[in-house]
Amino acid sequence: MFKHQEIDKKWQKHWEFNKVFKTQDKSLKKFYALDMFPYPSAAGLHLGHPLGYTATDIISRLKRLQGYDVLHPMGWDAFGLPAEQYAIKTGNHPADFTAKNIENFRRQIKAFGFSYDWEKEIDTTDPAFYYHTQWIFKLLYKQNLAEIRETDVNWCQDLGTVLANEEIVQDENGNLVSERGGFPVTNKKMKQWVLKITNYADKLLEGLKDVDFPDSLKLLQEKWIGKSKGWEVKFFLEDQEDYIEVYTTRIETIFGVSFVAISTNHQLSSKLASQNPEIQKFIDQNFSTSNKLQTNKKTGIFTNLYLTHPILKTKIPVFISNYVLNNYGTGAIMGVPAHDSRDLDFAQVMDLKVVKVIDDQNLLINSDKYNGLTILQAREKIFLDLSTQNLINQKTSYKIKDWVFSRQRYWGEPFPVYFDENDNIFLEEKIVELPYMDKIKPNGDGQSPLASNKKWLTFSKDGQKYRRETNTMPQWAGSSWYYLAYILKNSDGSYLNLDSPQALERFKKWLPVDLYIGGQEHAVGHLIYSRFWHKVLYEAGIVNTHEPFFKIVNQGMLLGSDGSKMSKSKGNVINPDEILELYGADALRLFLMFMSPLTDVKNWKNSGIKSMYQWLERVYRVITTSYQYDAKLLKNITFEQTYHKFIAETTQSIEDLKFNVAISKLMVYINFLSKQSVLPDKKYLTSFIIIFSTFAPHLAEELLEKLDENDLFNQKWPEFDKKKTIDLDYNLPISINGKTRTVINLKNKTTEEEIIKIAKNNPALSKYLENAEIIKTIYVAKKMLNFITKEKK
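Its first residue numbered 1, the sequence shown is counted upward by one per residue in full-length UniProt numbering.
Relax, there's no trap hidden among the hints.
When the alpha-carbon atoms are kept at most 25 Å apart in a straight line, the in silico DSS-like pairs for lysine-lysine are as follows:
| id | residue 1 | residue 2 |
| --- | --- | --- |
| 1 | Lys-19 | Lys-9 |
| 2 | Lys-683 | Lys-706 |
| 3 | Lys-683 | Lys-716 |
| 4 | Lys-395 | Lys-218 |
| 5 | Lys-706 | Lys-716 |
| 6 | Lys-356 | Lys-229 |
| 7 | Lys-189 | Lys-399 |
| 8 | Lys-138 | Lys-203 |
| 9 | Lys-724 | Lys-749 |
Think of the hints as simulated: they come from the structure by calculation, not from any bench. Since we're looking at a predicted model, the values are computed, not measured.
Just need the whole structure built from these sequences, with the hints factored in.
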């Protein structure tokens with residue numbers, strides 16, 4: 001019986017005292033394992049966190065034992081709206097409770113025995129960290145990739161700030177609301193700092209070819225960037241010289257147009273809204289700035305305007321609709337209900353006609369002189385015909401839009417920017433620290449709380465008055481480069497400068513990140529923004545790789561035992577502290593990895609963690625058995641094959657992130673050991689313990705100590721002989737007329753002729769063959785042998 005509480009604390013203390021996880025620079029081989037660093041909430045760690053953290057820890061431990069230098073760090077994404085809202089709600093200052101929350105998170109994470117190098121720990125709210133965030137912003141500004149621009153934004157009056165598309169959800173009525181608090185979100189034009197991520201749209205797409213990301217993640221990014229090649233077509237307003245340019249990727253369907261729809265942000269929508277209160281009301285309720293939040297409920301309002309079809313010269317009604325994006329194409333589309341599901345939904349709501357113009361053979365119909373043409377032929381002919389009238393242009397369009405980078409919040413990185421009395425922009429050379437303020441609630445006038453800090457806001461320099469930028473950066477600012485901060489962090493807590501020669505040497509050593517594990521929900525936020533920043537840094541000669549991350553794995557969600565998402569309201573949240581106290585870190589680590597493949601959705605089961613604890617007790621009993629050793633058994637084929645296959649197969653399973661498969665093989669090997677009293681060598685135990693240690697490091701250390709062996713970090717990953725992993729014999733089913741009658745054991749080298757002879761002479765088959773004639777023999781190598789017979793006359 002082992003006491004997990006004592007063992008866990010004992011070995012965690014040993015690891016920390018001896019700094020065994022400290023990042024080394026000894027080997028030419030490196031491995032950088034990265035977790036998506038958490039926001040340190042007051043609620044503490046939930047079980048979804050260690051699901052991914054355990055996976056990276058297993059790989060990190062494997063790589064260390066294989067002789068790699070490993071960088072496996074942890075830090076805190078501590079700025080942002082959640083902390084600010086909690087501060088306003090509770091009356092506490094975010095700086096104070098953030099420090100307490102980090103302390104609690106750190107305690108909880110250490111209790112799992114994760115092999116993090118805590119000297120690399122980072123905190124985005126630390127001025128020593130965000131000095132470099134500000135440095136990168138200044139680089140973006142100098143590269144003409146950051147500017148102040150009046151733009152349409154998602155404004156939340158209750159939160160007093162602009163929100164990113166990723167911070168907005170739809171309520172049950174289809175209205176756009178803030179993800180935090182569920183407050184109404186409206187469209188508003190504001191002057192904001194904007195980063196020109198659209199300049200990198202093609203490079204972001206190209207880079208996806210060079211990385212090992214899940215196909216689903218790549219697809220999300222491709223759709224978010226939304227590159228398409230199409231045409232802009234002029235539809236003139238009836239009896240006017242003005243026109244609307246629509247964007248389409250399917251010009252061949254132009255004869256099926258039954259309406260034109262424009263976005264709520266379109267220039268014409270704004271003009272009409274100023275003249276019609278009903279249109280203004282519709283726009284307020286249905287603004288569409290996001291290419292992510294597209295409502296399933298298509299609706300619109302008729303503008304009382306008609307356009308002239310560029311070929312048919314018929315009247316086409318114009319609608320303002322909630323499903324048309326202003327930032328994609330021209331913000332206007334030609335509605336073809338017969339050949340676009342979104343257009344069809346809208347047409348059915350508005351009772352508009354549906355005209356089919358392409359038949360089942362992909363030939364044009366109901367399309368005047370173009371009838372019978374293929375799609376490609378029609379595209380070419382229609383383009384040429386409209387070109388002669390100056391009604392069409394070819395265009396490449398993108399759904400991605402520039403990144404609105406300002407937030408009217410207190411709890412964020414200050415901009416390293418100040419203005420003179422004529423609004424000229426200057427960059428601050430030194431760090432701009434966030435001042436401590438008691439009152440941090442936005443006053444609703446569209447300005448950050450920093451605007452009320454007059455002492456901080458203005459200053460004089462060389463007889464000139466200046467004012468600081470009062471907006472702060474979004475939470476994504478720190479997370480867009482934090483993986484580099486770990487590399488820059490020194491043991492004394494300082495950071496190398498990003499543009500220093502020493503930094504470049506470290507980047508050459510560690511980049512790109514070899515394995516990055518986290519949720520797919522960050523696909524079109526953090527994972528695009530960090531790729532954008534990295535490419536800017538690469539072009540500036542700061543980093544040495546085009547991409548920050550080579551391999552990304554999205555772990556599956558952990559659900560409650562009832563199959564629903566864990567939440568306080570449902571009462572199905574599992575507190576890791578309680579599980580660790582009852583069953584220990586090793587049992588929880590093993591169970592999280594054993595439930596199902598890493599990327600699958602999982603259901604928590606209390607019975608499962610209990611069973612895993614019982615298995616650990618069995619491991620303890622089996623390994624601490626008083627075995628005798630006999631070197632003669634090293635010549636025993638069964639022993640040697642079992643041993644070498646175990647090492648080969650578990651190693652491969654772990655490297656392939658098939659942790660549940662690896663654990664199954666650990667269980668099979670323990671069953672094998674439990675049946676032995678004599679082993680060929682002590683390595684039969686120590687090799688198991690070393691592999692087992694990646695999942696259950698505390699018990700593994702304890703078992704090594706009991707065997708009088710060195711601790712884990714003076715061990716090496718066990719090697720295997722590939723020749724000894726090959727099965728020397730196998731079982732072959734023998735059938736008569738398709739029905740299996742016996743199974744024979746054969747050596748690998750046995751020939752087909754020999755096999756047939758052995759089978760015919762097998763006593764179990766004699767009664768089936770003595771009065772039968774074999775008319776056909778079917779042999780599939782190592783799979784089956786079948787004799788087709790008929791009765792002898």
